[in-house]
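Student: Sequence:
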Amino acid sequence: MTVVVDASVAVKWLLAEQDSPLALALAASGEDFLAPDLVLAECANVAWKRARRGEIGADQARAAVAAWPRWFRELLPAADLLDEAFGLACGLDHPVYDCLYLAAAIRHDVALVTADRRLIARLADTPWQDRIFDLARLPASLGGQ
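For the sequence shown, this note's numbering assigns the number 23 to the initial residue and increments by one for each residue that follows.
Where hints are given, some of them may not hold.
[Unchecked claim] DEER-style ranges, computed between Cβ atoms:
no. : residue 1 : residue 2 : range
1   : Ala-50    : Asp-156   : 13 to 21 Å
2   : Asp-102   : Asp-152   : 22 to 30 Å
3   : Pro-161   : Gly-79    : 34 to 42 Å
4   : Pro-99    : Asn-67    : 15 to 23 Å
5   : Ala-101   : Asp-156   : 24 to 32 Å
6   : Thr-24    : Ala-85    : 25 to 33 Å
7   : Gln-40    : Asn-67    : 14 to 22 Å
8   : Gly-109   : Ala-146   : 15 to 23 Å
9   : Ala-101   : Glu-77    : 30 to 38 Å
10  : Ala-88    : Thr-148   : 35 to 43 Å
11  : Gly-113   : Ala-85    : 35 to 43 Å
12  : Gln-82    : Ala-146   : 33 to 41 Å
13  : Ala-158   : Glu-77    : 19 to 27 Å
14  : Cys-112   : Thr-24    : 24 to 32 Å
[What the hints assert, rightly or not] Here are the computed lysine to aspartate or glutamate pairs in the EDC-like style, where the Cα-Cα straight-line distance is at most 20 Å:
no. : residue 1 : residue 2
15  : Lys-71    : Glu-39
16  : Lys-71    : Asp-138
17  : Lys-71    : Asp-81
Note that these hints are calculated values from the structure, not bench results. Backbone N, C-alpha and C define an ideal beta-carbon position, used for all residues, glycine too.
Put together the whole structure using the sequences plus the hints.
Tutor: Right, here's the structure in full:
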């Protein structure tokens with residue numbers, strides 16, 4: 023099966039964070055991962071911040087940045103999703119960059135897995151609430167425990 027993951031999940035694959043074990047379990051579940059190519063910039067920015075604060079070494083940050091692309095079956099050009107994401111952002115009153123992930127999930131008719139509680143809350147009681155899954159509460163069919 024294929025799922026879209028956002029940066030809140032992808033970061034946890036290579037940098038230790040709360041719920042990293044859950045993200046790694048998802049990665050080990052055999053799912054294929056899609057994301058807008060924006061995910062790489064978002065993950066790299068987290069690595070940069072953590073290195074800047076001295077939480078990780080520069081070598082670890084560089085290694086993570088180099089490795090993230092290999093975790094995805096496909097990185098979708100954000101430009102190809104922008105119109106849909108903008109429409110979703112306007113309708114949901116939520117940032118476009120988060121809506122890029124939702125647009126990717128809708129276009130490919132797959133689930134979106136995130137650890138972004140704000141996005142999850144924003145999609146409650148919308149037509150897309152059944153498409154989004156909280157990493158901390160994944161069903162077994164998506165690698166949950």
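Student: It remains to establish, for every hint, whether it holds in the given structure.
Tutor: Hint check results:
1. Ala-50 x Asp-156: 13 to 21 Å: Given a distance of about 18 Å, which is inside 13 to 21 Å, the answer is holds.
2. Asp-102 x Asp-152: 22 to 30 Å: Cβ of Asp-102 to Cβ of Asp-152: about 24 Å, so the range 22 to 30 Å holds.
3. Pro-161 x Gly-79: 34 to 42 Å: Holds, since Pro-161 and Gly-79 (Cβ atoms, about 36 Å apart) stay within the stated range.
4. Pro-99 x Asn-67: 15 to 23 Å: holds, 19 Å
5. Ala-101 x Asp-156: 24 to 32 Å: Once the Cβ atoms are compared, 29 Å apart, the range 24 to 32 Å for Asp-156 and Ala-101 holds.
6. Thr-24 x Ala-85: 25 to 33 Å: holds, 26 Å
7. Gln-40 x Asn-67: 14 to 22 Å: Once the Cβ atoms are compared, 18 Å apart, the range 14 to 22 Å for Asn-67 and Gln-40 holds.
8. Gly-109 x Ala-146: 15 to 23 Å: Since the Cβ atoms of Gly-109 and Ala-146 sit about 19 Å apart, the hinted range of 15 to 23 Å holds.
9. Ala-101 x Glu-77: 30 to 38 Å: holds, 33 Å
10. Ala-88 x Thr-148: 35 to 43 Å: holds, 37 Å
11. Gly-113 x Ala-85: 35 to 43 Å: Roughly 39 Å apart at Cβ, these two residues keep to the hinted range, so it holds.
12. Gln-82 x Ala-146: 33 to 41 Å: holds, 36 Å
13. Ala-158 x Glu-77: 19 to 27 Å: About 22 Å separates the Cβ atoms of Ala-158 and Glu-77, which means 19 to 27 Å holds.
14. Cys-112 x Thr-24: 24 to 32 Å: holds, 27 Å
15. Lys-71 x Glu-39: Status holds; Cα separation ~14 Å.
16. Lys-71 x Asp-138: holds, 18 Å
17. Lys-71 x Asp-81: At roughly 14 Å apart (the allowed maximum being 20 Å), Asp-81 and Lys-71 satisfy the hint.
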